[in-house]
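S.K.: Chain by chain, the residues run as shown.
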Amino acid sequence: MTRKQRRLTMIGGSLAVLAVAAALVLNAMRDSIVFFSTPSMAAEKQIPAGKRFRLGGLVQPGSLKRGDDLVVNFAVADGSTTLPVTYKGILPDLFREGQGVVAEGALDAAGTFRADTVLAKHDETYMPKEVADALKKQGHWKDDYGKAPQGPSKPTQGASK
Amino acid sequence: MIAEAGHYALVLAFGLALIQSVVPIVGARRGDIALMEMARSTALAQLLFVGASFCLLTALHVTSDFSVVNVFENSHSAKPLLYKITGVWGNHEGSMLLWVSILALFGAMVAAFGTNLPVSLRANVLAVQAWVAGAFYLFILLTSNPFARIAQPPIEGRDLNPILQDIGLAVHPPMLYLGYVGFSISFSFAVAALLEGRIDAAWARWVRPWTLVAWVFLTLGIAMGSYWAYYELGWGGWWFWDPVENASLMPWLAGTALLHSALVMEKRNALKVWTILLSILTFSLSLLGTFLVRSGVLTSVHAFATDPARGVFILLILCIFIGGSLALYALRAPSLKQGGLFAPISREGALVLNNLFLTTACATVFVGTLYPLGLEVLTSEKISVGAPFFNLTFGPLFVPLLIAVPFGPLLPWKRGDLLAASQRLTAAGIAALVAIALLFAWQRGGPMLAPLAIGLAVWVIAGVLSDIAERTGLFRIPFSVSLRRARGLPRSAWGTAFAHAGLGVALIGVVCETTWNSEYIATMKPDQVARVAGYELKLEGLTQRQGPNYRETLAQFAVSLDGKSLPVMTPSKRSFTTRGMSTTEAALLTRGASQLYVSLGDASADGGIAVRIYHKPLVLLIWWGPVLMAFGGVLSLSDRRLRVGAPKPARAARALQAAE
Chain A
5 MTRKQRRLTM
15 IGGSLAVLAV
25 AAALVLNAMR
35 DSIVFFSTPS
45 MAAEKQIPAG
55 KRFRLGGLVQ
65 PGSLKRGDDL
75 VVNFAVADGS
85 TTLPVTYKGI
95 LPDLFREGQG
105 VVAEGALDAA
115 GTFRADTVLA
125 KHDETYMPKE
135 VADALKKQGH
145 WKDDYGKAPQ
155 GPSKPTQGAS
165 K
Chain B
7 MIAEAGHYAL
17 VLAFGLALIQ
27 SVVPIVGARR
37 GDIALMEMAR
47 STALAQLLFV
57 GASFCLLTAL
67 HVTSDFSVVN
77 VFENSHSAKP
87 LLYKITGVWG
97 NHEGSMLLWV
107 SILALFGAMV
117 AAFGTNLPVS
127 LRANVLAVQA
137 WVAGAFYLFI
147 LLTSNPFARI
157 AQPPIEGRDL
167 NPILQDIGLA
177 VHPPMLYLGY
187 VGFSISFSFA
197 VAALLEGRID
207 AAWARWVRPW
217 TLVAWVFLTL
227 GIAMGSYWAY
237 YELGWGGWWF
247 WDPVENASLM
257 PWLAGTALLH
267 SALVMEKRNA
277 LKVWTILLSI
287 LTFSLSLLGT
297 FLVRSGVLTS
307 VHAFATDPAR
317 GVFILLILCI
327 FIGGSLALYA
337 LRAPSLKQGG
347 LFAPISREGA
357 LVLNNLFLTT
367 ACATVFVGTL
377 YPLGLEVLTS
387 EKISVGAPFF
397 NLTFGPLFVP
407 LLIAVPFGPL
417 LPWKRGDLLA
427 ASQRLTAAGI
437 AALVAIALLF
447 AWQRGGPMLA
457 PLAIGLAVWV
467 IAGVLSDIAE
477 RTGLFRIPFS
487 VSLRRARGLP
497 RSAWGTAFAH
507 AGLGVALIGV
517 VCETTWNSEY
527 IATMKPDQVA
537 RVAGYELKLE
547 GLTQRQGPNY
557 RETLAQFAVS
567 LDGKSLPVMT
577 PSKRSFTTRG
587 MSTTEAALLT
597 RGASQLYVSL
607 GDASADGGIA
617 VRIYHKPLVL
627 LIWWGPVLMA
637 FGGVLSLSDR
647 RLRVGAPKPA
657 RAARALQAAE
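Residue numbers (this note's numbering), protein chains in the order written: chain A, 5 to 165; chain B, 7 to 666.
Next comes chain B alone, as it looks inside the complex (with noise of 0.2 Å):
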């Protein structure tokens, strides 16, 4: 009963979408207030059905009900509930619903909250978020039936694949999703936008924080998944360019410029269609990713069983949203209003030189992940285009942006000064410069660039501080006249220190792991000791443990570091039964922000097992860095800016303006 309740009540989610997506819009040409604020009832309805029908789906997994074919390949009885409810989403058509209640989620919380926007607006918008969702909606119950039965029941089910088997499913997909399918927001608004033929600044101010909250899942998102593949596969690589890691790349680099973008159409009234086609854009971008991982035409671990039917339906789903909002934009997007005057040199110059490097990025990422497809499908030729291509292309662009990234807060709008901005970066400038001398000494004769690089990132983070002590005034007045006006601030001020600080942070992080990292790769016998970094590393011992789906082989490091023990490292080999599949669980061991990681090899016949030992400096900058970033994200959007709706004027709000 239960899965029959399940399937029926996204029958019924897609019957509001549909009734959500043509009502509104028709309300909205008519001017009928009644039709309009149908859009309201129907998204809130839409999100109970589907968290209904989502629910029932966890329900299923959580009670094993192997009737259920859904159930039945991906679970088992013997498997812990905390990946019982997660793998409600660690396969296709659970992944697939999870997309959809996200995106019902976000429809729902404009109708709920979307108080203060114009009706009509509201309506279209809402309407727009119906396209979306009913085309998926008719996806999954064509396609992905995940309530589907089985005639004759089995007793046990074929259990999640072992990978998938870790706190990581919990957090990565979700947030992911949340990223993805909330820029779904920004893309309805600039389609609402097109449709009605009148965008202005409140439009961006309404945009931007649903995009702000999209950027920050799915920046935690990315690094999530990013550290989870790190210490889940085994040989400690936490970016392989994979081309489903660069699915979430785009859609996160053009989010980025959107958020830059909104920002001077918020300002300064500029940049409207632009930011109208940014919009479309990294929503399109969204389903791309979802297209590219859901539709099995690229090989990777996030690629689920295959079915061409549901590749080319998803790629019909693609076309249509993608060409379709790109068509309507050509047509409208003349008609919008130019908005004003600015000097190449100034915050909006600043912006967008910001928007140019991160979209021309983002290209190259585009190029590096399709180039292979499309080379595939025109002449049949099989290439692989990796780390290299990339290195190559994105770095380089990078560079600029990077350095450029200190001048943008500092700049004032419509008309700026480099030099004056220049001036008061001296002391980032310097404290650059000493990093990279300071390195080169240390390390003397080692790669060249690594201290340029960590010369960048300092320049970045000395370049925020630099801004923050300029407005605070910190060496200047007396310290506790700094702190108060450091606490009268705006939030958003704070937020974007923290974010482009993030961006430094996270930069060291890379450069440290990939220029310092040792290693050491041997096969290891009891007592014997490795050598890494510094580190004592002793086999003590292996150890054989049953898990409760599972069994695991466990080896016993004892670590110590110039004479002092630290903690027993224990990495293990899991043999899952039922896949008949092994996973390696490295152990990590945290000092500072670096770490020694352990990863076990195959057992050899004379009683060794291979052993992977890393030492990786600083490498969890890699994700602090992010976190930062997320972090800057959440204190902007409790800036008081967006949380009082009324628009303010451009000259009272001073203060506020210089905020970014």
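Next up, chain A with everything else stripped away, as it sits in the complex (with noise of 0.2 Å):
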């Protein structure tokens, strides 16, 4: 084989690869890639049942209630809309009413929003980021919640079925 035929070979194959590899990335962005809405932008957007996205806000004070066999509701707020959520399963350590949260699900036929993980934050002073900046357009951002966040603050992976 010569040079030529060898490199031909070599950036044949590479392609070959390549076009693969974008065949599959661009498949999967079809399916598996997940919006990020505030209740609000929820409820303009009309958000069919059964999609999936993640919906950030700040649960609303006093909407936390806890039901059998680990069953909890509460309603995300976001200072002109609130959505009521559902999830089922153990909270993150640092869920607080009244304080930042994202959830990830789906709305059911009800309207209810049915979470399957809820992130939380991991420290007092911390906002999630998406969930900061949606309050801020919305013109609802309180400065002591972004007041100098501290430390190693950001949100984990809290809790997921």
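Hints are computed from structural coordinates only; laboratory data are not their basis.
A few of these clues could be false.
Straight-line alpha carbon distances no greater than 27 Å define the calculated DSS-like cross-link-like pairs of lysine-lysine that follow [said to hold, decoys possible]:
1) B:Lys343 - A:Lys92
2) A:Lys69 - B:Lys531
3) A:Lys8 - B:Lys420
4) A:Lys92 - B:Lys544
5) B:Lys343 - A:Lys8
6) A:Lys55 - A:Lys92
7) A:Lys55 - B:Lys388
Away from chain A, derived, C-beta distances all over 12 Å, residues of chain B [said to hold, decoys possible]:
8) Val17
9) Ile173
10) Leu334
11) Gly435
12) Phe446
13) Arg482
14) Pro532
15) Ser566
Yeah, the Cβ is synthetic: ideal placement off N, Cα and C, and Gly gets one too.
Starting from two chains that each stand alone, build the complex the way the hints lay out.
M.R.: Structure, rendered in structure tokens:
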């Protein structure tokens, strides 16, 4: 095999693998990407039931209710709209009313957000970035949320099913 | 005084880095030995000063000097000594100081042990190393000074984030940084080679051990981080495809590719241009990782306090180094001489295939990690790319790679025979098929993919074993002779075997854990019994305890299997008063390679407590695999070939050639 043929084989092989990878990426992009939304954005966009998205906002004070068998209900608010959320499982260590939360799941037919994952912050001064940005955009940002986040402070995968 | 001395030492190290980044290069241009040799002394002195600076910061933490902002924000006088020390790098400033200290350590090691390097190459390498170091010293001094003081010192500190108060913090970041930063050496070597316009097999022989050292540490660092997340976060996950994890996985994939391509270059003097590019890319990905983690663009446990100025600064460093080195590459690479020829079916061909799949897999991880960031910058639309994306892209690309793994070591250099190699792998193929058939029969109607994936893992492991059996003539010649042959095999051959087998072992762990993991989540009251995977766990009671800087609620579980009682498990929930945070301490019960995992949730009003119990079959294999890989790396590192500096003629070393 000459140098040229060898090079062509190698380039051909690489292109084939890259094409496969690109196809895989595009395919996965179509199916497995999850959008972020606040309760008011969700209402505005009229997200259909069953479509997965990430819901972010503040846990509405006084809305947390624990049911039987580890079912928890709470509402996520962003200042103008609230959305009821139901979740079965153990909430992350720092899940609190009045503080930021990100939940992943989908709406059911009744308009309740069924979360299968709840992420909460891991530091008392921290506000999930998406939530902070969304609240800022809507003019509900209070300065004390953002006051110099201290130390290692981001949310982590809190609870998942 | 201590803080000021530490700060001053850091400034001095920066000054030395400046000298080191200019003088040796000028010396190399002029052929002035004295100027070139200066690189060695400055590299050693740099380590001395930055090391001193790091020790002084540690001293500040140990003595709880709360007049220093860094100590005040991350320490507490009641914190155990171990966490006072590890807390040094449990924050942004300290971890950057650790980063440059390790960079200086590697530079000094090249200076001290690189005595067999050509003088000009060593001068250039150390100069490039100093560019990187200089940039990061400047970053620390300008945006993240760990020695800043508070005008009115408070009496007590704010404590370290409780999640980080764990032995994992003592091991994971230093290991990971040794890996990340270790790749700076191959980067410096690559840039130095481009500057000199000369590169040969000897170059690869010098680069390979450094890459291997970095790779071993990175492998262990990632595995350690994964195990830490597994037991600390309380829900038993060990890999989240979190952008920060991806940031460490990308250099690992590129570094693994680099290890293999450097081999081709060392043995056959081929793939030079590609190897140089990989060296640059690997370290660029390490820098990218540092940027992603330290700039605050990402939301993750690893991101510390965010400050936009820092992000911009690191981005600038990133652009200069990646852009600069790639530009230099584009300029100089075409002038590098072509290497030896080889047929597509050959050891070289197999290694090219390995590189192709590893870099492509790395590229898909890159896309998945950076696409959401890019999209947010461009359209301000927020999306998240999670595990499903990576399972659908990374997984399929790893399958052909794993199928090919056993073939590599069996093919000879230059021109190979696929049929002969396949014949030698017949036994491995049969073992894999038997494993698949047995699993199908055993679980009947369960998931389709799991038996196939385990078959693949068995194929990899059996392939490794048959390669070793082939080399030692096992079962064909008397056992004592094979044993002697096994002892005579080059260490690098054993290294390859362990590393490849580690891959298979880890895969078995991953598949078993994800497929046959059973869980039990419920609220339990004392004397209630939970049954998980044949185990019976009885909640005996809850007790309170006061720790040094926390209060904890412990739950005692009496565990039994088929009526036989096993050790008591005591998961706990700690609440840290200073930060008002709580953490979950899971209890683990190891049975062989499987684990029983119990973690606690919130206590309910009626005296019950939420409990999460998992049985994770063969879960430990997930981490034993990487440990095997790292052990293989260490074995390979101790190979005679790398200890003996003199280049060997290609012909004479037949046995060695067969090594990898």
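S.K.: With reference to the structure, classify each hint as holding or not holding.
M.R.: Results of checking the hints against the structure:
{"no.": "1", "hint": "B:Lys343 - A:Lys92", "verdict": "63 Å, violated"}
{"no.": "2", "hint": "A:Lys69 - B:Lys531", "verdict": "20 Å, holds"}
{"no.": "3", "hint": "A:Lys8 - B:Lys420", "verdict": "16 Å, holds"}
{"no.": "4", "hint": "A:Lys92 - B:Lys544", "verdict": "23 Å, holds"}
{"no.": "5", "hint": "B:Lys343 - A:Lys8", "verdict": "15 Å, holds"}
{"no.": "6", "hint": "A:Lys55 - A:Lys92", "verdict": "19 Å, holds"}
{"no.": "7", "hint": "A:Lys55 - B:Lys388", "verdict": "16 Å, holds"}
{"no.": "8", "hint": "Val17", "verdict": "26 Å, holds"}
{"no.": "9", "hint": "Ile173", "verdict": "16 Å, holds"}
{"no.": "10", "hint": "Leu334", "verdict": "23 Å, holds"}
{"no.": "11", "hint": "Gly435", "verdict": "24 Å, holds"}
{"no.": "12", "hint": "Phe446", "verdict": "27 Å, holds"}
{"no.": "13", "hint": "Arg482", "verdict": "34 Å, holds"}
{"no.": "14", "hint": "Pro532", "verdict": "18 Å, holds"}
{"no.": "15", "hint": "Ser566", "verdict": "24 Å, holds"}
Against the hints set out earlier in the document, a violation occurs for number 1 only.
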